[in-house]
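Trainee: With these hints in hand, go ahead and build the complete structure from the sequences.
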Amino acid sequence: MSPHRARFGVVIVVLLAAATLIVIWLPSHRAGGEPRYQGQPLSHWTQQYVPSVTNSPYGVILSDEAAFAVRQMGSNALPALLRWMRYPEHDLRLKLIESLQSQQRQRNRMFLATARLLTPKSYQPGSAVLAFQALGSSARGAVPALSQMLHEPRNARNAAMALCAIGPDGIAALGESLPTIGDGILRANILLEFYHVTSPELQAALSPLVVGRLREDPSAATRLAAAQILARFTHAAAAAVPTLAAALRDPDGVVRMVAADGLGQFGQSAVPAIPLLEAALLDQHPQVRISATNALHRIRGMGMPSNNSQQ
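Positions 1 to 311 (our numbering) are the ones given, in order, by the sequence shown.
Hints are not guaranteed to be accurate.
Said to hold, decoys possible - Using C-beta positions, here's what the derived DEER-type ranges look like:
id	residue 1	residue 2	range
1	A279	E65	50 to 60 Å
2	H44	P168	48 to 58 Å
3	H297	E65	23 to 33 Å
4	H297	E216	46 to 56 Å
5	P218	P272	24 to 34 Å
6	G74	G301	48 to 58 Å
7	E176	R300	37 to 47 Å
8	A279	D64	49 to 59 Å
9	E65	V271	40 to 50 Å
10	P200	Q148	29 to 39 Å
11	A279	P41	56 to 66 Å
12	H196	G136	18 to 28 Å
For the record, the hints were derived by calculation from the structure and aren't laboratory data.
Every residue gets a Cβ at the ideal spot worked out from N, C-alpha and C, and that includes glycine.
Mentor: Next comes the structure, spelled out in structure tokens:
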């Protein structure tokens with residue numbers, strides 16, 4: 001393509017993007033329906049957050065004042081929060097984003113800025129999750145809609161975090177819905193959203209559904225994701241260790257390798273897994289043998305071996 005035609009294509013894309021902002025972005029920006037507290041809309045309060053040390057995978061929670069405001073709005077906030085959770089599927093918007101990507105100039109600032117502008121203002125999943133966390137069980141009315149979003153690739157990971165934020169009702173619905181999702185890659189992506197969960201309580205609550213996917217899922221991608229997550233659930237060792245140990249017999253070599261690596265993260269808590277790790281020293285997959293060797297050194301308190309030679 002000539003430089004002239006390439007520049008002309010850029011101009012067309014930008015003009016189309018500008019037209020889309022008028023047709024699509026502005027109406028979503030004006031979308032009303034937000035409840036108010038002390039004269040301020042819900043979106044104002046969900047921007048008032050503070051760092052969290054333990055109980056938020058995003059590292060922040062709403063401030064006490066903002067959380068109180070959201071709780072005062074109660075179930076009246078749910079329609080707006082659910083709207084924020086779902087990416088609106090406007091065909092023209094998606095075609096423009098695809099056009100931007102096809103230009104192979106994703107790193108160009110103009111294209112990145114245009115793509116950001118094309119993201120609708122009604123799409124605020126992070127703010128919605130913080131609000132769901134503040135509402136807790138009071139948001140159980142949103143569980144059916146969020147469970148449906150688990151089947152939508154664009155919305156599934158955020159929907160999973162929203163269900164976790166709601167608490168036991170949401171986590172139970174997540175556990176019931178996860179096996180019904182037909183796409184193994186999508187199930188894996190949902191599990192990977194738990195990568196930054198550090199709360200002991202949340203790890204304990206999520207471990208049964210992650211264990212179920214590692215033990216039973218037909219997709220190797222999903223089992224791999226489950227093994228990666230269980231390796232980080234050190235506050236749920238009672239569930240994670242025997243499941244990772246059993247995964248040393250998984251038919252997929254990469255899953256076996258990750259399971260062996262994961263067991264090494266649990267130190268003395270993984271002592272019951274030593275016999276299966278020793279058996280893994282004879283695995284046909286060289287990386288499994290290396291991972292099993294490293295895990296045994298960690299568990300036995302001998303430190304990492306200086307030479308990761310093939311066993």
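Trainee: All hints, please: hold or fail.
Mentor: For each hint, the structure was consulted:
1. A279 x E65: 50 to 60 Å: Holds, since A279 and E65 (Cβ atoms, about 56 Å apart) stay within the stated range.
2. H44 x P168: 48 to 58 Å: Once the Cβ atoms are compared, 29 Å apart, the range 48 to 58 Å for P168 and H44 is violated.
3. H297 x E65: 23 to 33 Å: violated, 50 Å
4. H297 x E216: 46 to 56 Å: Between H297 and E216, where Cβ atoms are some 31 Å apart, the hint is violated.
5. P218 x P272: 24 to 34 Å: Given about 27 Å between the Cβ atoms, the range holds.
6. G74 x G301: 48 to 58 Å: This hint holds: roughly 52 Å between Cβ atoms.
7. E176 x R300: 37 to 47 Å: holds, 40 Å
8. A279 x D64: 49 to 59 Å: holds, 52 Å
9. E65 x V271: 40 to 50 Å: This hint holds: roughly 48 Å between Cβ atoms.
10. P200 x Q148: 29 to 39 Å: holds, 30 Å
11. A279 x P41: 56 to 66 Å: holds, 60 Å
12. H196 x G136: 18 to 28 Å: holds, 20 Å
Hint check: violations occur at hints 2, 3, 4; the rest are consistent with the structure.
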